[in-house]
Amino acid sequence: MNFVAPHLDYAGISPIIALTAGIVVVLLSAVFRPVQRTGPGLALVTLAATAGLLIWQWHDPTDLVAGALRIDDLAVAISLIAVTTAAFAVLLSLREEAAEQAGLGEYHALMLGSVLGMVLLSEAQNLVTFFIAIETLSIPLYILCGSNLLREHSLESGLKYLIVGSIGSATLLYGMSFIYGGSGSTDFAGIASGIAEEGVLGDPLILVGIGLTAVGLAFKTSIAPFHQWTPDVYQGAPTPITSFMAVATKAAAFAVFVRFFEVALLPQADEWRPALAVLAAITIVVGNIGALGQDSLKRMLGYSGVAQAGYILGGIVALNAAGTSALVFYLAGYAFMNMAAFAVVVARERETPYGDDIRAVRSLGLERPLLAWPLTISMLALAGLPATVGFIGKLYLIEALVEGDYTWLAVFIAVGTMISLAYYLRVVAAMWMGPRGEAAQPGPPAIAGADPEADPVDPEAGRRLYLAGPALLAAAATVFFGIVPQPLVKFAEAAGAAIGSLH
Amino acid sequence: MNIEWYIVLSSLLFAVGAGGILLRRSPVVILLCLELMLNAGNLSLVAFSRMVGNQEGQVFALVVMVVAACEVVVGLGLIVAIFRRRLPLDVDELRELRG
Amino acid sequence: MINSLLWTPLAFGLLGLFLPRRLAGWWATLGAAVTLGIAISLLAGFDSGASGLQDTVDVNWIPGLGVDYSLGLDGLNVFLVMLTAVLWLGATAFAAFREQERPHLFFLMMLLAETATLGAFVAQDLLLFVLFFDLMLVPFYFLFGAWGTDREYGPTASAATLKMIIYTLVGSLLMLVGAIATAIIAADGGQITFSIAELANHPVGTGSQRWIFWFFAAAFLVKMPAFLLHGWMPDAYRAAPLPVLAVFSGVLAKVGAYGFLRVVLPLFPAATVQFQEVVLVIALASILYGSVMAFTQTNVRLVGGYSSVAQLGFITAGIFALRADGSDGAILQMVNHGLVVAPLFIIVAILAERSGTEDLREMGGMALRAPVLAALFLIVALATLAMPGSANFIGEFYILNGLFQAKIVFAFVAITGIAMSAYYALRLYQRTMHNRKPEGIASREIGWRDGVVLAPLVACILGLALYPQLILHRTDRSVSETIASASRPSAEPPKSHLRGSTASALDCGRLAPCRVTWEAPPGFDPRKAVARQ
Amino acid sequence: MTATAWAWIALVLPLLGSVVIALGFRALPARAAGAIGTASIGLAFVCAVAALINLLGEDAGARHHASALWDYASAAGLDIKLGIYVDQLSVYMLLVVTGVSALIHLYSFGYMASDEGYHRFFSYLNFFVFSMLLLVLAGNFVLLIVGWAFVGFASYALISFWYRRTTATGAGMKAFVINVVGDIGLVLAAFLIFRELGSFEYGTVFEKAPEVFATNEWTVTAICLLLLLGAFAKSAQLPLHTWLPDAMEGPTPVSSLIHAATMVTAGVYLIARTHALFVLAPTAADIAAFTGLATLLVAATIALVVTDLKRAIAYSTMSQIGYMIVGVSIGAYSAGLFHLMTHAFFKALLFMAAGSIIAAMANDQNIDRMSGFGRALRFTSMTMVAGGLALAAFPFTSGFFSKDEILAYASARGGMYLIFTVLGYLGALLTAIYTFRLIFRILPGRPCEEAQTFIDTGHVAHEEPRNPATGEVEDTDVGFPGPEHHVAEQSASMRVAMAVLAFGALFAGFVQVPGVDSVIANFLDPVFEDSPLTAIQPSTAASWVGLAIGAAISLGGIAIAYLLYVARPELPARLQSRFPAIHTFLYNKWYFDEAIDILVVRPALAVGRFANRTFERVVVDGLITGTVEIVRDAGGIVRVVQSGFVRSYALLLLAGFAGLALYFLLSSS
Amino acid sequence: MEAVLFFAAAIGALGGAIGVIAMRNPFYSVLALIIHLFSLAVLFLLLTAAFVAAAQVVVYAGAVMVLYVFVVAYIGGGEESAWESIPGQRLLAPLIGIALFVELAIAVLASSLLALGTDGPDVKAGFGDPAEIGRLLLERFLVPFEATSVLLLLAAVGAIVLASRRGAATGGSGAASAGTPREGEPADAAPGPSIGDLA
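As you go down the protein sequences, you meet chains E, Y, V, A and D in turn.
Our numbering applies: residue 1 is where the first sequence begins, and numbers increase by one.
Our numbering applies: residue 1 is where the second sequence begins, and numbers increase by one.
Our numbering applies: residue 1 is where the third sequence begins, and numbers increase by one.
Our numbering applies: residue 1 is where the fourth sequence begins, and numbers increase by one.
Our numbering applies: residue 1 is where the fifth sequence begins, and numbers increase by one.
Do not take every clue at face value.
A short, non-exhaustive set of chain E residues, derived as facing chain A with CB atoms under 7 Å [stated by the list, open to error]: (1) Lys160; (2) Ile167; (3) Pro204; (4) Gly211; (5) Phe226.
What the hints contain is simulated information worked out from the structure, not anything from laboratory work.
Every residue gets a Cβ at the ideal spot worked out from N, C-alpha and C, and that includes glycine.
So here's chain E without its partners, still in its complex pose:
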């Protein structure tokens, strides 16, 4: 029997190759004692290489490997966001207890594996690839969340994430099977043509399939009411991992969300748009009010992440090029804001006995201005105040939504933002307006948020370049793109244009 090997466009898949190679190398580094501690370095190199190769592929859309993947500007943009986030996370992981626990090699290999999953996901245009990619993304994260074996929180979050995540995957899978059955194809394009046929369009099988897949993706992007894992996992997981998850996972999941819904399921748009819009609205409300009065910063950021997911989902609801661009833009901006925040949280976790409790940042403005500013900026940006990328992002989303005739959702975004100020500014107030003079003296460790083991491991963490550096960098970017957004807008527009079906 004859076998035709598929054509391999090595340029196109080079980023994937680089990552895979990186994983292997990093793993090997773990085996040989002398190079054991080179894990982070190697990981960074890999990520840098991947980023380089991705940029090389910019503006050069091609189908890869028998149409299983498609590398276009959307994929590249999202992959870049994921890679950058990962690089930040690697830096934050230096001297992180979890990494030591898991072993540097394994830890970073897993992280790279997750990144690989994200890259694949952002390029996937075939159900099988889609599924395997999303699992490649998730499974390492399950492990990494639980990787700090000494902290019960870590294990708990790992298990919770695994269980709920697997339910999500199962739902997703089941939905895929329906869609496959209904359309008779696993390729996105094939699905689109398959369900567009007379008699199939609007068939309950397809629609329920859409519903199932929507649930699966909504879970990954923590859209309410499928969001509940988010706060717990964010709080329990080792902070660098949280920072990685918070942005990268969302980015990748949203990428495939866009591709799957705006390419494969486009014919059914009239059915799924309202549903997603309602989900977005619920998410905005739930996320914002849930975050009110949270003392654990990570938990607060978790809820805020939920709310932000709601905003971003608006980009898909809008269903126009502007929407996709807005989505990419917002994700990029969100990456910067979150990085700044999490870097500071990591630093304070190691400096103070309060873990990620809000008391850890009390009167930070006096103690460590260089940490206080990034956190402040990030909070203001998340709250969408002007002169930050957050404002432009919201502006972009709202513009897309109004264009897509979903003004009421835009109003929801506005309302959500108002509520969100209450908890974002609470952090700012703690930093700058704490009761006069009363700095956060090392007292008895907090009950909430921080756990007994969390005594200060590194009282100088706030001065470490690998923590303060990323924080300041991200904050600077947040402000810069708030004032000179055009480059980022161009970037997003290119990504948005990738989905041809919208024109």
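Add chains Y, V, A and D to chain E, keeping to what the hints say.
Relative to the frame of chain E, chains Y, V, A and D by itself:
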């Protein structure tokens, strides 16, 4: 034999698996129930692949098996870790994180 | 030129971070002074005859989103810019004379606030306007929260400030949505632009105008604040540090009123005409309520605060008379009110230093050893109550005249506010300066420091009192253009709205033609006119 | 130089004086302020005379000029210039105001000598004169309002001159607020005028008024009523008069200048100035006249019973202004203005005398405690008698001619206007009685102890000053008149001023004797020639009959007073016990204060309290707290759902899917 | 004949599934799952998916279940108490399950796809044979195929990370923050990587 039968059976299995997750507290059993759900998916995949007469569904099913295996491995790993940590093997006991 | 005006304060503020503590304040004052200089030169170069914008800057900022960085001056904003520059110099100097904790941050925020405020005034791109409008909140959040005073049995400074921020953002975020909606609807599939002038040329349909109008109105009315939306004001005013409060109350409130003139009238003419009476009712409520509250308050700051509510009510009423004279008066009154309320709060600060309290009941008799202070205060108080002969009087005279010609009944109600203002302003003055002096209150003359801050401001008041024409002359043209634009697309025949929408039961337009004329108006029914008193 | 130029100078001089004194309060030596103040007013008077001469140089028809310095506030069709309007009327007022003011400044130069607030006093006083001149010279309604409000402020400042006296500050506030009410009337009138005539300038307005209002009399009536609101508030006519008696809290020169001679007569001037409009609105004119009449009588009755010296004179002022209002409203313009002048003389004089006596009484103003000053203060009592005679219209004094001219005109106009004649004479009787009640109570008889001490030592009684109203000890360091306070006998400047005024009070009447000469009328009439009412002129004979009746009544009144207070001093007490109701009613000033308190003040405060205590808390804050509560509760729900049980998360997830699937099933075709 | 097989297998699969969730003892649950899997394999065969069926038997029943058994044996299959700690869960869980089933079933039954009602088209011989599947895996589904290998690798690493001895060595809350090098200690004194230990 009508394909419908297979699909309905698979959805029944899916529902049973889901119900199991909701009802059982032992992480091991919950993992088993996840297996049930994934297998339900597999069944419908294979059935549909028969229905539409191409084998992509079957390939998909294979991939899913691998994935399921991986999840099991990781899940069991976590369970062992939790056990080693002398924590109760009951998902209801693991609720430090809440609110 | 206008760019330097806008960015000078911020630049100074940032450079100030690298100076030693004790210099920070002076550096900031210098920055404010330079800004004032630029503002003056702009005013000098301002051509009152020309129509349209002057000193414009127009750069594509975010082409992708159709947002331009476009600034410009015209009669509507030139004097508000001046006001901003003047008051900020005063307040910064006043603060610089006193010991501030964390001075670097304080003065950075002060100057950032100035830049933001100036931006809101000179922005000619709708979105840029919204951006600056929101940006103003950030520095004031820090200033109020970090340097404010926590109250004994009340909310902490940061809590009060949070309340203010959220409350005011409620409006401005809706405004953001409204602004975008306006642009997109107006673009109608074409290239999106936010340029106010452009949008004014193709106004959106009446249906859309209706809801967008209220999104904007919400933002502006909260900012002023107007009746029922002033809930944030008392706490915030009690918390705020006084020099900051001086500029806050002196300038920021005006941004709201200015927004009506700059954005709402030109962009949503139909809705404006339709909702004229609703807004007027709100304005009247603000006038009456603000005045009544003002003369029952015992906290000095709140007297100022509620009087501002009343004053802004007048200004709004003037604008929504939808007559040139009303709006002329409104702009004049914005400047006047800024010029009186800022010194008022500075004086309050001085009084509080002497009496150690801000409670009227515990003050008194301070005039004796402080004749200069008393004199300055007296002038400010008289200006506050719109003493005829002060520019404030001319402002209110124009406003009320406009209102009178447009909606006579509203004018009769509004004017009672003047009587009340006389009472609360004098009460404020008497309770602090006159009557018996309680124990433990020092009646000290102001030092030269406070003198150099206060005297120029009072000089401005007197100068304007002698020659209000200075402002009226320059604003008149732009205002009448704005009003005209507001009239254009409205359904009913042109000019008719000058007398108010014909729908109104209270319409007095019939009683006299609007154009200045003395033919006996047809069908004049005087019983109404008299009965309405 | 033209008349207008002189007028400008006259206008600016007092302002200059005021500013110089104000700025130089540290630099200037003690008495300099007084000197500067008096001098500036004196010069202003000279300028006024110059202006008069200029005016007389022109022919009667062309004696009105407008002059503007610059555009004050002209935009959007409103055209407001900083301009003055000079004609016979304004120049006449100019003369009266500057003249009397000059004398009163002179008086104050001595009277206030020992006062801490000497500079302040003269600065205010000059400012007042400036405002008054602005009022009378203003060339348009806006400037008129400005002057109108300025005098109001000056009066406020001077009433509460001793600002640590709570009664004084309270009275000041009262006066100010009531006057603001008046201002509002003027402002509204101005708006209405602008709407109908499209201008604020006197010239334009009065020129266009007849044609415009030919058809709609109601508008012009409305305008006039609004003007009257202002006039009544300023001239203390019913029911807006309550501030005037309280205004006596101020230093006595203030009472004599502002609250007797000049400011309070502004209402009269206003009506005269806008007679062109009143002619078109007879209804309004009549309302004005009757209000004047009512005030005249009410005030007179009150004046019969009050025991406070200055307040008694204040009520007499009200009643005299009532005469003037009647005069200018019914058409006796020049007569009213003539009475305005003579009244300025004798009433100012009376106040000066009173001031001197009160000083001698160490600020006790209760006439029941006074007696025998005839021997103690000869000069003072002589001047007081002179003023009293004029006020009581004793034959051939100034008041005699001016008052009776008004009444004669009323009778000449006939019809219902005879009422004014009749009741006017009744008022005259009352006037004579209360005037001489004061004189007979104070001057003759055995000297009271203060008077005695003055006779013995030649100094006024030294006493710790107390506030007669509240009895609290005065806080002298704000410049409350100290013990070594001047009485006329001790200060040349005061004596000069009083002498001049006494002369005026006694003999000023002779410029206007029916049939003999009529200087004032001849000078003023051209201003009013456009009014048909000027045609009416009482015949000389009629006038003389009226004068005869007036003389009889005046003498009768004096006789009654003599009977009551000298011959049979127990009678008043008996009358009191006979008609207690009437007495208390009058003694409580017809309960006007109480009425206003109940009708206006209490409601306002109640509303304020409600707004403050209830509305703000419940509604305004409720708006916020309510929302916050809702959000917080919702947050609570989210927290509860976030129970930490992974299985319940799963449950929600699947439930969510069930819902979603349901939606899709329903939306499936 | 086919129908009989189907129903037999169906009952087996369903019974196994119910057994999994019904058994109090995890060990029995595992056994029940094995039954379920075998019956599924039969169903796959009926659907002419020979290779899948084989994989099912080998991978699952062979490998995975063994793993389960070991783990259960290791942690001891303690019986799970009947006590329900979440209010309403007992009530809602079945409802949700039923709701899911009903909705999915409706989706299938109400579907207008004619093919659902058939046994599927006639397929050429060798449909679902290893050869066919293998070709697909190497041609169209190369990427997923490679990805699975990576995924397996990662899963293995994960298992080692989680279950490695380090956890046991420091088991219990006794040794706090092991693995974070103390000051002064040479960096590489930190516990060595686990793969190295295994090797």
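Okay, the hints, checked on the actual structure:
Satisfaction of the interface hint for lysine 160/E is found here, the shortest Cβ-Cβ separation to chain A being roughly 5 Å, below the 7 Å cut-off. Interface restraint check for isoleucine 167/E: the shortest CB-CB distance to chain A comes to about 6 Å, inside 7 Å, so the restraint holds. Because the closest C-beta pair between proline 204/E and chain A is about 4 Å apart, less than 7 Å, the hint holds. Because the closest C-beta pair between glycine 211/E and chain A is about 4 Å apart, less than 7 Å, the hint holds.
Taking 7 Å as the C-beta cut-off, the interface hint given for phenylalanine 226/E holds, the closest approach to chain A being about 5 Å.
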